[in-house]
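S.K.: So you can see what is in the structure, the chains are spelled out below.
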Amino acid sequence: MMSSAPAVRVAGLRVDRGGKPVLRDVSFEAPRGSVLGLIGPSGCGKTTLMRCLVGVQIVRGGTVTVLGEPAGSPGLRRRVGYSTQTPAVYADLSVRENMRYFAAVLGAPRTDPDRVIEEVGLGDHRDQVVGTLSGGQLNRANLAAALLGGPELLVLDEPTVGLDPLLREELWALFRRLTDRGTTLVVSSHVMDEAVRTDRLLLMREGEILADGSPSELTERTGTADLEAAFLRLIHERAESPA
Amino acid sequence: MSTVLSPTITVATTRRILSQLRHDRRTLGLLVGVPSLLMILLRYVFDEPPVFDRIGPMLLGLFPFVIMFVVASVGTLRERTGGTLERLMTTPTGKLDFLLGYALAFGLLSLVQVGVVLVISLTWLGLDLNGSVGSLVLVAVLDALLGMALGLFASAFARTEFQAVQFMPAFVLPQVLLCGLLIPRDSMATWLRVISDVLPLSYAVDAMQRVSREASFSGALLKDVLVIAGFTLGALALGAATLRRRTA
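For the record, the sequence lines run as chains A and B.
Position in the first sequence (from 1) plus 156 gives the number in this note's numbering.
Position in the second sequence (from 1) plus 798 gives the number in this note's numbering.
Rather than coming from a laboratory, the hints here were simulated on the basis of the structure.
Heads up, the beta-carbon is just placed ideally off N, CA and C, and yes, glycines get one too.
Any given hint could be a false lead.
What the hints assert, rightly or not - Facing chain B, from chain A, some residues (calculated, C-beta under 8 Å):
1) Arg173
2) Val212
3) Ile214
4) Gly228
5) Arg233
6) Ala244
7) Asp248
8) Glu253
9) Tyr257
10) Leu262
11) Val285
12) Leu289
Let's have the full structure, built from the sequences with the hints guiding it.
M.R.: Listed below in structure tokens is the structure:
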């Protein structure tokens, strides 16, 4: 279902922050046109890993290859979209002014601001100043900025936090439309019920990957009924047999 | 960096900063209103035209410097802490695009600021200027850009807006004491004089004194202008060094 070269290839990645290891020897691949989920408790290294993918994190060792180039290469800056967990948009500009600015910076088509505003369902709020949006709307404005220019890889940190179930459903439908077009998504979440929707999951804990596989593979391998139980089983297994 | 500078991105950044200010009417009002009010106060506090003629132009150079320092340091600190700078660093935006975007926006803003204060000073307050209005505007806008460049640089050392605001007295007030506004620099102790020689505001105030006294654009004024421009470029270069694509 995907082309041969993976969209993301991470090998032996190590990151220290404040003298402490945050990522310890992380390796994985994300096939093109798929949704890769990063699941784990807060503080497990999800955000740091995502920062490595977009090339804004200082790393201690290992390699991160994105769309065939080292992460953070100048050539990737139009091909990778990134939305941070804390919304990084201008609170004192309207939704549309924000999108127009980021579109101009990316050299995206003039029609892109309106397109992404519709895609995240903020059409009725396009002229509203971002600082007056609700938390969920603010998150969607942040996501919209990442969609500008139609990037090949989207790195989305907790994109569905604070959204009602209907909106969450709509965003996942959007993510599916994107992967159908060949876009690769790396999406982090700390809620298990979202993990089921991904093609492939990395279960993370304390800077390490506990398991890597499709949701059904993970439940099968651990002989559990759901992912929550699978995660618990994996943590116990790790505790019993320290590396 | 793929490209060092992209005119499209620079201009888009300038427009974005000006749009932000357009939404923030109060800040805009303060930017233009406060220096005007201070000039009016100054005129009537002294109530002696010769004194006002001497001090007025110096303050016309000082106000944009101080105000742009504060606005630029808080503004860029918000970009650093709010994540928008990081987002821009994942896009084709170059460091120079970011810095020049700010310089252009604040340069235009200081033009409006200086223009309004100048019109009030020359008409209502009866400021008597020996030099040309053009050279006064040139020096005042350069001072504003110097303040902006230093503010951008200073913001790298602040973690919070509280700290950023405190940098104003820390960076600016010693310069105000030593720049020759209160006491002529010639009558200072030698060691103070030496310090004031390496502080940019000394040249800003000297330039303004020349504009108010000398009818022609002298070589000494040109030297001041070049020194201020040099400090501005130096501060921008230091500021560029504090903009990192990768952080810990």
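S.K.: Compare the structure with each hint and give your call.
M.R.: Here is what the structure says about each hint:
Restraint check, Arg173 of chain A versus chain B: the minimum CB separation of about 6 Å is within 8 Å; hint holds. About 6 Å separates the beta-carbon of Val212 of chain A from the nearest beta-carbon of chain B, less than 8 Å, and the hint is met. The restraint placing Ile214 of chain A at the interface with chain B holds, with a minimum CB-CB distance near 5 Å, inside the 8 Å limit. Contact between Gly228 of chain A and chain B, as hinted, is supported at the beta carbon level, the nearest pair being about 7 Å apart and thus within 8 Å.
Taking 8 Å as the C-beta cut-off, the interface hint given for Arg233 of chain A holds, the closest approach to chain B being about 5 Å. Interface hint status for Ala244 of chain A: upheld, as the beta-carbon distance to the closest one in chain B is roughly 3 Å, under 8 Å. For Asp248 of chain A, the interface hint holds, the least distance from its beta-carbon to any beta-carbon of chain B being 5 Å, beneath 8 Å. Evaluation of the Glu253 of chain A hint against chain B yields a held restraint, the C-beta minimum of about 5 Å falling below 8 Å.
The interface hint given for Tyr257 of chain A holds, since its Cβ lies 4 Å from the closest Cβ of chain B, which is under the 8 Å cut-off. Of the supplied interface hints, the one on Leu262 of chain A holds, with its beta-carbon coming within about 6 Å of a beta-carbon of chain B, less than 8 Å. This hint holds: Val285 of chain A has a C-beta 6 Å from the nearest C-beta of chain B, less than the 8 Å allowed. Because the closest C-beta pair between Leu289 of chain A and chain B is about 14 Å apart, greater than 8 Å, the hint is violated.
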